[in-house]
Amino acid sequence: ATINQLVGIYANQDVFEYTRLLGNQEYQKAEQVLSNLLESGQSPQQIISQVIRHFIMLWKIKGLNRAGVSRPDKLAEELKVYQKYVTQYIEQSKNWNSLRLQRVFQHLFHADRELKNNSLEPQIVLDMLSYKIINS
Numbered sequence: 001a002t003i004n005q006l007v008g009i010y011a012n013q014d015v016f017e018y019t020r021l022l023g024n025q026e027y028q029k030a031e032q033v034l035s036n037l038l039e040s041g042q043s044p045q046q047i048i049s050q051v052i053r054h055f056i057m058l059w060k061i062k063g064l065n066r067a068g069v070s071r072p073d074k075l076a077e078e079l080k081v082y083q084k085y086v087t088q089y090i091e092q093s094k095n096w097n098s099l100r101l102q103r104v105f106q107h108l109f110h111a112d113r114e115l116k117n118n119s120l121e122p123q124i125v126l127d128m129l130s131y132k133i134i135n136s
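According to the working numbering, the stretch in the sequence shown is residues 1 to 136, in order.
Just so you know, the hints here were simulated from the structure itself, not pulled from any lab data.
Virtual Cβ for every residue (Gly too), placed ideally from N, Cα, C.
Some hints could be false.
Simulated pairs of lysine-lysine, DSS-like, Cα-Cα distance not exceeding 25 Å [said to hold, decoys possible]: (1) K29 x K84; (2) K116 x K132; (3) K74 x K62; (4) K80 x K60; (5) K60 x K132; (6) K94 x K132; (7) K94 x K29; (8) K94 x K60; (9) K94 x K84; (10) K116 x K94; (11) K132 x K62.
Beta-carbon label-pair distances, calculated as ranges [said to hold, decoys possible]: (12) E77 x F105: 22 to 30 Å; (13) S119 x E77: 36 to 44 Å; (14) E17 x R100: 15 to 23 Å; (15) P72 x S98: 20 to 28 Å; (16) S119 x R66: 35 to 43 Å; (17) S70 x N117: 36 to 44 Å; (18) E17 x Q45: 15 to 23 Å; (19) R71 x S119: 39 to 47 Å; (20) R113 x P72: 29 to 37 Å; (21) R100 x Q28: 17 to 25 Å.
Construct all of the structure, not just a fragment, from the sequences and the given hints.
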């Protein structure tokens, strides 16, 4: 691989790409991106807070849908996100029912506590979190 190819791979990998892959249940790709994020010095705490934010969005979409709000423009307005992102959230929300989302939040809570206790390597905590989320 050339340097440009490698730089291109890393340049496209941010925490939003990681959360998108989790939301789409793409475990192996998510693991690769997570590994690269940690290698490049991304804070494990920052990663987990973005994952929490992402799944809160999916949870809110479920609630808004139940309340009769389903148009992308209305959802974007309610969620205060750009409409171009809302369609991704809408698609992902179809993968996650309320029970699964509740389990995801339990896993996130435990992983957050684990990171704060420093009892395990952040890479291990986040790897386990990715696995648990996708297999919730």
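Evaluation of the provided hints:
The hinted pair formed by K29 and K84 meets the criterion: a straight-line CA distance of about 23 Å does not exceed 25 Å. In summary, the hint linking K116 to K132 is supported, as the alpha carbons are separated by about 19 Å, within the 25 Å threshold. For a cut-off of 25 Å, the pair hint linking K74 to K62 stands: about 14 Å separates their Cα positions. About 11 Å separates the Cα atoms of K80 and K60, which keeps this hinted pair within 25 Å; it holds.
In summary, the hint linking K60 to K132 is supported, as the alpha carbons are separated by about 21 Å, within the 25 Å threshold. Distance check on the hinted pair: K94 and K132 sit about 18 Å apart at the alpha-carbon level, within 25 Å; holds. Simply put, K94 and K29 have alpha-carbon atoms about 20 Å apart, close enough for the 25 Å limit, and the pair holds. The straight-line distance between the Cα atoms of K94 and K60 is roughly 12 Å, inside the 25 Å bound, and the hint therefore holds.
Straight-line distance between C-alpha atoms of K94 and K84 comes to about 17 Å, which keeps the hinted pair within the 25 Å bound. Proximity of K116 to K94 is assessed by CA-CA distance (about 32 Å); at most 25 Å being required, the pair is judged violated. With a C-alpha separation of about 21 Å, the suggested pair K132 and K62 falls inside the 25 Å cut-off, and the hint holds. Between E77 and F105 the CB atoms are about 25 Å apart, so this pair conforms to the stated range of 22 to 30 Å.
In this structure the hint that S119 and E77 lie 36 to 44 Å apart at CB holds, the actual value being about 42 Å. Between E17 and R100, the C-beta spacing of about 21 Å keeps the proposed range 15 to 23 Å intact. At roughly 21 Å, the beta carbons of P72 and S98 sit within the given window of 20 to 28 Å. Look at S119 against R66: about 38 Å separates their beta carbons, and that is inside 35 to 43 Å.
Between S70 and N117, the C-beta spacing of about 41 Å keeps the proposed range 36 to 44 Å intact. For the pair E17 and Q45, the beta carbons lie near 18 Å from each other, so the given range of 15 to 23 Å is met. A C-beta distance of roughly 46 Å is found between R71 and S119, which places it inside the suggested range of 39 to 47 Å. Between R113 and P72 the beta carbon distance is about 35 Å. The supplied range of 29 to 37 Å therefore holds.
The hinted range of 17 to 25 Å is satisfied by R100 and Q28, whose Cβ atoms lie roughly 20 Å apart.
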